[in-house]
Structures are given as C-alpha cells and as structure tokens.
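Given chain A, work out where chain B should sit, using these hints.
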Amino acid sequence: MSATESTPVAAGRATGARPGPERGPGSPGTRPVAGRRPRFSKAHMKEWAWGYAMIAPLFVGLFLFYLWPIVQSAYFSFTSWGAFGGQQWVGFQNYSSFLSDPQLPRAAWNTVKYALIILAGIPVSIVFAALMNQVSGKYASLYRVLYFLPVVSMPAAVAMVWRWLYNGDYGLINYLLSLIGIHGPHWVSDDRYTIWAMGLVGIWSSLGYNMIIFAAGLKNIPRQYYEASSLDGAGRVRQFFSITLPLLSPSIFFVSVLSVIGGLQMFDMVLMMLGKTNPALAGSKTIAYLFYEDAFVTGNQGLAAAIAVVLTLVLLALTAIQFRLQKRWVHYA
Amino acid sequence: MPSRQRLWPIHVILAVGAAAMVAPFLWQLITSLQTTGETTSVPPHFLPSWQWSNYSQVFHDTKFAQQFLNSVSQTVIRVLAQVLFCSMAAYAFARLRFPGRNALFMLMLAVLMVPSQVYLLPQYQLVQNMGLLNTLAGVVLPGLFSAFGTFMLRQFFMSLPNEVEEAARLDGAGTFRIFWSVMLPLAKPGLISMGVLTVLWSWNDLLWPLVVVNDDSKMPLTVGLSTLQGEHLTEYPLLMAGSLLASLPMILVFLAAQRRITEGIALTGTK
Numbered sequence: 010m011s012a013t014e015s016t017p018v019a020a021g022r023a024t025g026a027r028p029g030p031e032r033g034p035g036s037p038g039t040r041p042v043a044g045r046r047p048r049f050s051k052a053h054m055k056e057w058a059w060g061y062a063m064i065a066p067l068f069v070g071l072f073l074f075y076l077w078p079i080v081q082s083a084y085f086s087f088t089s090w091g092a093f094g095g096q097q098w099v100g101f102q103n104y105s106s107f108l109s110d111p112q113l114p115r116a117a118w119n120t121v122k123y124a125l126i127i128l129a130g131i132p133v134s135i136v137f138a139a140l141m142n143q144v145s146g147k148y149a150s151l152y153r154v155l156y157f158l159p160v161v162s163m164p165a166a167v168a169m170v171w172r173w174l175y176n177g178d179y180g181l182i183n184y185l186l187s188l189i190g191i192h193g194p195h196w197v198s199d200d201r202y203t204i205w206a207m208g209l210v211g212i213w214s215s216l217g218y219n220m221i222i223f224a225a226g227l228k229n230i231p232r233q234y235y236e237a238s239s240l241d242g243a244g245r246v247r248q249f250f251s252i253t254l255p256l257l258s259p260s261i262f263f264v265s266v267l268s269v270i271g272g273l274q275m276f277d278m279v280l281m282m283l284g285k286t287n288p289a290l291a292g293s294k295t296i297a298y299l300f301y302e303d304a305f306v307t308g309n310q311g312l313a314a315a316i317a318v319v320l321t322l323v324l325l326a327l328t329a330i331q332f333r334l335q336k337r338w339v340h341y342a
Numbered sequence: 720m721p722s723r724q725r726l727w728p729i730h731v732i733l734a735v736g737a738a739a740m741v742a743p744f745l746w747q748l749i750t751s752l753q754t755t756g757e758t759t760s761v762p763p764h765f766l767p768s769w770q771w772s773n774y775s776q777v778f779h780d781t782k783f784a785q786q787f788l789n790s791v792s793q794t795v796i797r798v799l800a801q802v803l804f805c806s807m808a809a810y811a812f813a814r815l816r817f818p819g820r821n822a823l824f825m826l827m828l829a830v831l832m833v834p835s836q837v838y839l840l841p842q843y844q845l846v847q848n849m850g851l852l853n854t855l856a857g858v859v860l861p862g863l864f865s866a867f868g869t870f871m872l873r874q875f876f877m878s879l880p881n882e883v884e885e886a887a888r889l890d891g892a893g894t895f896r897i898f899w900s901v902m903l904p905l906a907k908p909g910l911i912s913m914g915v916l917t918v919l920w921s922w923n924d925l926l927w928p929l930v931v932v933n934d935d936s937k938m939p940l941t942v943g944l945s946t947l948q949g950e951h952l953t954e955y956p957l958l959m960a961g962s963l964l965a966s967l968p969m970i971l972v973f974l975a976a977q978r979r980i981t982e983g984i985a986l987t988g989t990k
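Taken in order, these protein sequences are the chains called A and B.
Counting along the first sequence from 1, when you hit position 295 you're at 304 in the working numbering, and nothing is skipped either side.
Counting along the second sequence from 1, when you hit position 150 you're at 869 in the working numbering, and nothing is skipped either side.
For reference, chain A alone in the conformation it holds in the complex (with noise of 0.2 Å):
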C-alpha cells in the first residue's frame, strides 16, 4: 500500500534533494547537449521570452506586495508619521523606543517561552510518528485522519474552543482535574498561566502536522538497518536510539526550524483566547502582538515597522545558528 500511495512523495524527494535550480547538461527542458546553439540563437531567445513571460505574473505580484513592502518596511522603520500623513527621518528613534518600551521585556520573555514549549512538544510527535509507524495501514490512516483535524480546523474556531475548555470555573478541564482533587487555575485569565496554556494548544495543533513529515522520514529508512541490528542483538529502544533518530535528523531540524519561526510569530491566539478585555493581556503579549497593536490599533506604524525589522533580524539569525549547528547533529543519508 505504501508503495503505491507515496509515489509522488517519494520522487519529490528524490529530485527535491539536489540544490538549487542548476541542472546538468541534457537536463529536463533544453535541447540534446549534442546539438549545443551558438548563445543567442533564435531558439534560445523564444526560451528566455518564455521563461520571463512565465514568471511574469506573479512576479508583478510578488514586487508589489512583498518585495517592494519589505524595503518600505526597512525604510519606515527610520520614520515617524505626522498628523497628517507626512513622514519625518527620526533617524533611529524608533529602535530605540522599541527597546526602552516597559512591555518588552515581558513580551520578549513571552514569546520564547512560547517558542520553547513548541519546541518541547517535537519529542512527543516523534514518538507518535514512530508508534503510528508500527501499526498497519487501515489504522494508521484512521489515527493519521484524528492527529489531523486540529490542523485543518479554523485557528479563530479552535482559540475560542479552548477558551471555553479552559474557563476557571466552568471548564471543562478544571472539572476534569476536580476529579482527581486538583483546584485548577484560571488558565486564561491568570498571566502565570495563559502562555503554556496556548503553548499547549500549539502543541495540541501542530502534533499532526509534524507527525505527517516525521513519518514521510521514517518511511524513507531502510528496513535492513533495522533486520541487521536486531540480528546484531539490538532492542526496540536501542534501535530508536541508534537508528531511528539520527537517520530522522533532517526531518527533525526542518520542524525545529519551522518551529522557532512560527512559535516567534504567535499572534493569533493572544486575540482570539484572551481577547482584549481580558485582564491578563498585559502580561500575556507577544512581540507580533506588539506589532499588531502598534500597526493596527494605537498607529504608530514607525515603532510597528522597527518591530517588524527586528523581528526579521532575529528570526534571520536563529535560523542561520540553527543551520550552523545542523552539522553537529544532523545526518543526510
């Protein structure tokens, strides 16, 4: 079944590996490597025609919406807007008011202990990807369908769910944990809380995810690996030890690096779970929240853009680090 099922994964897989779009000679696309043309023939002018004709549209849209919105961004981080819409070079004032803001600290803090309780939840889809690896394929689509309605559920939809599940006097978690005699807190409500609560709904959303390209990976390990270990006299555990994990590493290091980046985002979940009236907002910020109430709510869009810039910054280097350290650990086969 697998065979079959996975076919055009796995020829992805096989071409995806090679980097970046140079292709040897008598790649897909040219001419017969033995009748090379003279560079500017006709033949090779109607391909580069084509090529940018190609691209052409969405480029127009990627320029006006991304591409040059980037460079406006890096650009308004040195302004300030005036009351009537004229901009000033403020130089960098607002880099300055970011890092002196009294909510940074807090939001900063917020949004890596965010980051890192996505990061713990990797472990646990590991070992559910390894698990569901076990079992036969009818079951193994059945779990793989429940692990992945939180996924494809409405992020809005499922922060108001949880709202309700964790609500301090009459949610269900809190009845769940006066049965076994715990006084839940205001999960919520309360800001010693409201971080690994959402960070638990993080987990509880992306486990399916994850788990979709930890067993796209461990599909990818050859059998034999595991006959001959286990001729060799190794254990199960052993073995996922030994094999499982390091020959899953590059599956591993694309979530971590997927992980950071999103954990470092987090935003949605400020709005739609504690919402604006909630007492533990303040204390409950993340840094794209702060981002959003500047840009979008109180209009200091300078402060907002210097936000954005730092933000990018930041994620730039942690990926750069990660990529870095990848060669410590990570094993392609």
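A couple of the hints might just be wrong.
Claimed, not checked - Straight line, CA to CA, 25 Å or less: simulated BS3-like cross-link-like pairs of lysine-lysine:
(1) 122(A) x 285(A)
(2) 228(A) x 907(B)
(3) 336(A) x 228(A)
(4) 937(B) x 285(A)
(5) 285(A) x 782(B)
(6) 55(A) x 147(A)
(7) 937(B) x 782(B)
I should point out that these hints are in silico values taken from the structure, not numbers from a laboratory.
Using the frame of chain A, we list chain B on its own:
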C-alpha cells in the same frame, strides 16, 4: 512488523492521543447544543438539552450566511489565481533556461524567509491607496501570489520525467503548448496538493482580513467569529455553534482530500 500481542500497548497510547485530539471538538459540539444556563452548572451536562436553536441564532445574530459566502469567494479566487500564476512560474523555474533565473528564484525564496509582519503594513497602505479597504478585492489581492506555492510546484515539476516533454518538442509543440497540454496534466497530483493547502490557508486566514475589513457584511468567517466573540463573550453555546459551523467546511475538505494534503506536506518537508 511486530506481532499482534506486542501491538496492543501501541494502540492504547495512540488511542489516548487520538482522544485528546478529538475531545475538544466533541465538547464544542455538546456545548453548542446546551442552554447558556447549562454551561454554568457544575458538574457539566454531558448530555445537552439539544438546543438546535443556537445554530439558527448564529444566523440571526450575525451575517453568517453572507460571511460564509465571503469566505468561499475569497478562497475560490485565491486558489484559481495561485494555481495559474504559481504553476506557470514553477514550470519556468524548473524547466526553462533564461538569464537571471537563479537570482530571481533566490529573490522569491527571500519572501518565504521574512515574517509576514514585515510586509503587512505596506500591503495595507497599498490596498488603502487603491481604495480597496472593505472590499473582496482588497481581501484577496496579496494572496493571489504565493512564493510558497511556486516553490512547492517547482519541486514537483522537477520530479517529473522529461521524456514526454522531449517527445512533444520533437513533434513541434511550442513551449506554452508543452506546459499547458503536456506538463500541467502530468502535474495534476502536485496541483491538487498545492490547491488544497491554499484552500486551507485561505479559509483559515485571520490577520489580513482582520486589518482590511471592518464592515461585517464584507468580512470572512474568521473575522466574523472574532466579532461574534466580542459581542457575546460568555454565551458559549452560541460561540461553539458558530465556531463549529465555521470550521466544518475545512474538516470536510480534509476528509475528502486527506491523501493530497498529507502528501503535499510531506513534499515540502523533505529538503
């Protein structure tokens, strides 16, 4: 594969996990059929009093039907545009040679690497200057173009064999003809995966419509839910009925296209 006896502890763990995944949805369904009084009783009513009227109240208290249509049109437009624009660009990046191709490809990847906060504000101002705040056009515009979709489809095109393409070229077919009638049909699984992921993303998108729309007859369901919550903060049966109705379409899409979605994700997850 381990023997049947050794499998049952695995099934127990997986079933407990699955229960944790599904329980919130069950509780959402149960609460949506309770009265507001029942929600504040301890212990909770696990058997609700079947207040189906909560569902009709959602339609009555909000412009739910209109917002549902908004979500549908927003999603259909974005998917069609993305499939068209992304597949053309992806084919060019995967199979055609032209000067600057690698540099342009890198430029596109740069969009994937920056957080959305960076382009959000200028996007908003652009849409505002175009006079498109509070319109469907304003909601869909930036999402017509996707660096992610193009990247994903390029990976897919590169995985396709080139014999068919060569044969068509020898038969005298031109570049666009080859793309349109040979490569696109071959890329159908990839297009469907990408399309379904776009449907999910577009339907669930909150931040962008939240900032460009404040007219409740123009907003999609995501923003509609946040307004509903603002107005009925503690009427949980109503909130649960609304949120269930809003997420149901994607759950159905997922059940119908399960394989495509998981394959699409696996495709992006392998280097």
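Do the hints match the structure? See the list:
In summary, the hint linking residue 122(A) to residue 285(A) is supported, as the alpha carbons are separated by about 21 Å, within the 25 Å threshold. Straight-line distance between C-alpha atoms of residue 228(A) and residue 907(B) comes to about 24 Å, which keeps the hinted pair within the 25 Å bound. A C-alpha spacing of about 23 Å is found between residue 336(A) and residue 228(A), which places the hinted pair at or below 25 Å, so the restraint holds. The suggested pairing of residue 937(B) with residue 285(A) holds, with an alpha-carbon distance near 22 Å, which does not exceed 25 Å.
Restraint check for residue 285(A) and residue 782(B): satisfied, since their Cα atoms lie roughly 22 Å apart, inside the 25 Å limit. The hinted pair formed by residue 55(A) and residue 147(A) fails the criterion: a straight-line CA distance of about 51 Å is larger than 25 Å. With a CA separation close to 9 Å, the supplied pair residue 937(B) and residue 782(B) stays within the 25 Å bound.
Consistency note: the structure conflicts with earlier hint 6 alone.
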